[in-house]
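With mature numbering (1 follows the signal peptide of the UniProt record, and there is no 0) as the guide, the letters of the sequence shown map in order to residues -22 to -1, 1 to 85.
Among the hints, erroneous ones may be present.
[What the hints assert, rightly or not] What follows is a set of in silico ranges between Cβ atoms, one per label pair, in the way DEER data are often shown:
(1) T72 x G33: 27 to 33 Å
(2) K83 x N57: 30 to 36 Å
(3) I62 x A19: 25 to 31 Å
(4) Q46 x T72: 16 to 22 Å
(5) L59 x E14: 28 to 34 Å
(6) L55 x G18: 17 to 23 Å
What the hints contain is simulated information worked out from the structure, not anything from laboratory work.
By construction, the Cβ of each residue, glycine as well, lies at the ideal position given by its N, Cα and C atoms.
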Amino acid sequence: MAALVIASLSCLLLAMVGSTRGTADVRPSCLQCLCEAVSGASKCTYGAPSSCHDGVCGRYAITLPYWQDAGRPTVGLENRLSDITYQKCGLDVTCAEATIQGYMKRF
């Protein structure tokens, strides 16, 4: 848990350096660091299996409230109001990363 907090704080600091709130993109290296802190390095390679359990989905451990706060990104043209859409997004690397980007831009 401490590693997740440290990785999250590091990512926040990296995202804020040289920019104002809501405008920084999270760098790929920071996304990789977050993934490794949350899921372990072996689950952060493309093609590695992921799942939803205990209210979190995918390699970034996306929660429903986090996804909602990030603007409810979708895979394709899914219904933004469906919990299944949240799960599909959390399991899709591109959508999960869009969720993190959306959250960081908002907050």
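Here is how each hint holds up against the structure:
Between T72 and G33 the Cβ separation comes to about 22 Å, which falls outside the hinted range of 27 to 33 Å. Between K83 and N57 the beta carbons are some 23 Å apart, a value that contradicts the proposed interval 30 to 36 Å. As the Cβ distance of I62 to A19 is approximately 29 Å, the hint placing it in 25 to 31 Å holds. Between Q46 and T72 the C-beta distance comes to about 19 Å, which sits within the given range of 16 to 22 Å.
Range check, L59 to E14: about 32 Å between beta-carbon atoms, so the 28 to 34 Å window is met. Distance hint check: the CB atoms of L55 and G18 are about 33 Å apart, inconsistent with the given range 17 to 23 Å.
Hints 1, 2, 6 from the list above are not met by this structure, while the remaining hints are.
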